[in-house]
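Trainee: Fit chain Z to the given chain Y structure using the hints.
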Amino acid sequence: AQSVTQLDSQVPVFEEAPVELRCNYSSSVSVYLFWYVQYPNQGLQLLLKYLSGSTLVESINGFEAEFNKSQTSFHLRKPSVHISDTAEYFCAVSSNRDDKIIFGKGTRLHILP
Amino acid sequence: GAGVSQSPSNKVTEKGKDVELRCDPISGHTALYWYRQRLGQGLEFLIYFQGNSAPDKSGLPSDRFSAERTGESVSTLTIQRTQQEDSAVYLCASSPSVISGTEAFFGQGTRLTVV
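Each protein sequence line maps, in turn, to chains Y and Z.
Just so you know, the first sequence maps onto residues 15 to 127 in the numbering used here.
Just so you know, the second sequence maps onto residues 338 to 452 in the numbering used here.
One chain only, chain Y, in its complex shape (with noise of 0.2 Å):
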């Protein structure tokens, strides 16, 4: 069975810092991996997915991630977050196996000014 794990619940970093969320998944097959956002008080969005080919995928706000296959990881960075990144990052992972897709549990994004 496949499972997600978020190590850290909550992550502060102050403005214009860098950042990295954390995400290790577990699967005895191909996966496909995502990262969603929640925005305070909005529904969850697709921030980012790997399906296959660039190990490293980026989004139109500046996060990028990079699937990492021997340490089966996917880590979402970001060299310089603003204000305007302060929301709940959820990984998530599925297969070609089964579609259902698993959630991690989030990681609330605290930025201080």
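To be clear, the hints were calculated from the coordinates, so they are not data collected in a lab.
Beta carbons are placed, not taken as given, at the ideal position from N, Cα and C, and that holds for glycine.
Do not rely on the hints blindly, as some may be mistaken.
Said to hold, decoys possible - Calculated lysine to aspartate or glutamate pairs in the EDC-like style (CA-CA distance at most 20 Å, straight line): (1) LYS114(Y) to ASP355(Z); (2) LYS114(Y) to ASP99(Y); (3) LYS114(Y) to GLU381(Z).
Stated by the list, open to error - Stretch by stretch, here's where chain Y covers chain Z in the computed footprint (C-beta under 8 Å, at least three residues): (4) 377-386; (5) 443-449.
Mentor: Below, chain Z alone, put in the same frame as chain Y:
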């Protein structure tokens, strides 16, 4: 519709009453999910429908919870004899899972408050 629609957006109910939450998925999406999100916590999987297959009910927390889906359209989540711990935002998502690797699209959720 253009997106996943959930109704009502907010529901306040008295402890012990039954409630029914509705989800209209995106047209053509064969997969439908229900999640629960308690205040300050992450997503808790409840149930998954995939086409005509038997639903995955492994996440339902008790027999007070049930869900139905009519074909590949509307789904309802029913909570019987509501308790205060049922207070949460209930999120519905759908995906066109006939194509592997497609993401789930979420509704805005129903905020349930049990008083």
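Trainee: Do three or more residues of the region 443-449 of chain Z come closer than 8 Å to chain Y, measuring C-beta to C-beta?
Mentor: This one holds; 4 residues, not fewer than the three required, reach chain Y with a Cβ under 8 Å.
Trainee: Counting residues of the region 377-386 of chain Z with a beta carbon closer than 8 Å to any beta carbon of chain Y, are there 3 or more?
Mentor: holds (count 5)
Trainee: For the pair we were handed, LYS114(Y) and ASP99(Y), check the Cα-Cα distance against 20 Å.
Mentor: 28 Å, violated
Trainee: Can the restraint linking LYS114(Y) and ASP355(Z) be considered satisfied, given a maximum Cα separation of 20 Å?
Mentor: 28 Å, violated
Trainee: Next pair to validate is LYS114(Y) with GLU381(Z); report whether the Cα-Cα distance is within 20 Å.
Mentor: Holds - the C-alpha atoms of GLU381(Z) and LYS114(Y) are around 14 Å apart, at most 20 Å.
Violated hints for the displayed structure, listed by number in ascending order: 1 and 2.
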